[in-house]
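What follows is each chain in one-letter form.
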Amino acid sequence: MALRKGALRCNMLVNSRHFYKLTSFVGVRSVSDKVSSKPVTSGDPETLGDHLIYTQEHFALKESLRKIIDQEINPHVDQWEAEGKFPAHKIFKILGNAGFLGVSKPVEYGGLGLDFSYSVAVSEELGNIRCGGIPMAIGVQSDMATPALARFGSAELKKEFLLPSIMGDKVACLGVSEVGAGSDVSSIKTKAVREGDEYVINGGKMWTTNGTQADWICLLANTSDGPPHRNKSLFCLPMNLPGVHIARKIDKLGMWSSDTAELFFDDVRVPCKNIIGQEGMGFTYQMLQFQEERLWAVANILTMMDNIIQETIQYTRQRKVFKQSVLHHQSVHFRLAELQTEVELLRSLLHRATALYIKGNDVTRLASMAKLKGGRLAREVGDSCLQFWGGMGFTSDVLVSRFYRDSRLMSIGAGADEVMLGIICKYMDTLPKN
Amino acid sequence: MSGRVLVGVKRVIDYAVKIRVKPDNSSVVTDGVKHSMNPFCEIAVEEAVKMKEKKLIKEVVAVSCGPQQAQETIRTALAMGADRGIHVEVTGKEYETLGPLQISKIMAALAKKEEAQLVILGKQAIDDDCNQTGQMTAALLDWPQGTFASEVSFEGDKIKVVREIDGGLETIKINMPAVITADLRLNTPRYATLPNIMKAKKKKIANMKPADLGVDITSRLEVLRVDEPPQRQAGVKVETVEDLVSKLSEAGLV
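Chains as they are written, first to last, in the working numbering: chain P, 1319 to 1752; chain W, 1323 to 1576.
None of these hints come from the bench; they were simulated from the model.
Don't be surprised by glycine CBs; every beta carbon is placed ideally from N, CA and C.
Any given hint could be a false lead.
No farther apart than 27 Å at their CA atoms in a straight line, the calculated lysine-lysine pairs in the DSS-like style are these [stated by the list, open to error]:
hint, chain 1, residue 1, chain 2, residue 2
1, P, 1385, W, 1523
2, W, 1524, P, 1380
3, W, 1559, P, 1641
Stretch-level coverage of chain W by chain P, calculated; a stretch enters the list once three of its residues show a Cβ under 8 Å from a Cβ in chain P [to be verified]:
hint, stretch
4, 1396 to 1405
5, 1504 to 1515
6, 1519 to 1526
Required output: the full structure, derived from the provided sequences and hints.
Now the structure itself:
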């Protein structure tokens, strides 16, 4: 009874932001048990002037986004996780209205034209959502399905697809991976054959986040028989075209609130003008945004790890074992200190890479390192913390078990660990020649 | 009427933070602790911005008293739609002893200086729960007051305020200029959108000291001690009504 109550109290303390529905403020305040220790502040320091990449506006942005998360998203996460889907149109519209879907996108299409550090700030704040699925879905909308379109699409195409995606009126998804090709993008089989002023598309896509709700898909397909890195093109494909089949919603280990689809394309006809930029450049376009995608993913998971460590501290402080708090056992607080140290190291790498990137540098090496570390550290944090939660950690009542499942994806998706290692080795010039 | 509304915004410890008392029992720990705009002040800003959007008033001026960090709170108000800000700088010991009397003197002085038509404040702050500043400001200005407002509307040259009181709702009509304090159900504050956050950068915040307004902010109060509320003690379970009665009489309660 006691440990369940303790866990739920933690959940409530961290979760409740319903003050607009409370009739009075009296009684909401919680006072700490300990008089002595200074409160822990993880993440950004209060003294704005000292931050490496963030200004007052970044912090104001985070505060505003946090309010949206606390009021419109977090209260419903448990329900959406159970249902296996979150209402993307509704949530994206709220975010779109507040300007959070087009942070780095062109102003002419409703974006804010800000640099990537603002996208990182948004991503860090989205890590406060109490699941991995929804931030991932938002990330696809804002930083995976749309960058190539924003940079290389025609004005007409941007008006039809980019503008409503930034406004939150249209849900986007990204069609790159296939059943037979994930890490090895160059071996995808989906074909787009030119017929007059249309392309006819046949093939399928896998692991499509937002796939069952999307209005359009940014699709990578083979448009010629040339060399595999130069024969692919990106298309803006409306999902309601005849021949587009949502084969199934994939049942996954984690990320339950994010609907992931397997898609089939059966003689789908799309106008030629729907091609993004130049034919044959699709692979290159997608690759250009990898640095941003990877840093974005790291920003996200850092906040989640901070939160899990904090919740674990709160839980183990009040949970007693052998007449003492679990937290007071040295193996516990020392391990948490190790984990927090590594989180801070990864944060430093993220901010360093972001600072260099916004000045125009190529940060592929650092971004790949950060992504690699992010996926692996999240598994360590999840595993160690879950252990400290004991039996409760194994239940679905607590966040740590959800984090354990959700974060496992990071070492696989958006660039598997093995791919990251290959990139780093390339920069270290340690790969076998030929 | 000038069409200018003054809104007071206070920087307080964020409501979700666990409060800790300093080891010397002098006050609560504020260093390194998350602060944000008092929720009732957010409601006050929202009401003023809504009035401006309905073209009932012309300008919203956000005011905050405190150290450098008070400017962050003013920026939040600017990001919500206030037109400009006034930062009345108070630091150190003087800031620690700042209370409703001092703030209302400052607000009254500013209301006169800015020729405000309305002063809107939150009904109380969530750190000290005083619920005095609005009332004192009105008294110092000799202006009518509409406190605990859950609905505010303009009726000709008067203002109609529906007040939340113990017995229910009370509707009053008061002349302007007036002081209004916002209660919880007055409105739902908007999210500061990212475009507005960026626009707020260009809005002006004027700096001044209480002395510039001719206000003496010496405190009349001295805080002797701050303690945490006593821990809730365990109760005792009894088997019968007789046991209950005997326990109560043992404790001298019956």
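Numbers of the earlier hints that this structure fails to satisfy, in rising order
No numbers; nothing is violated.
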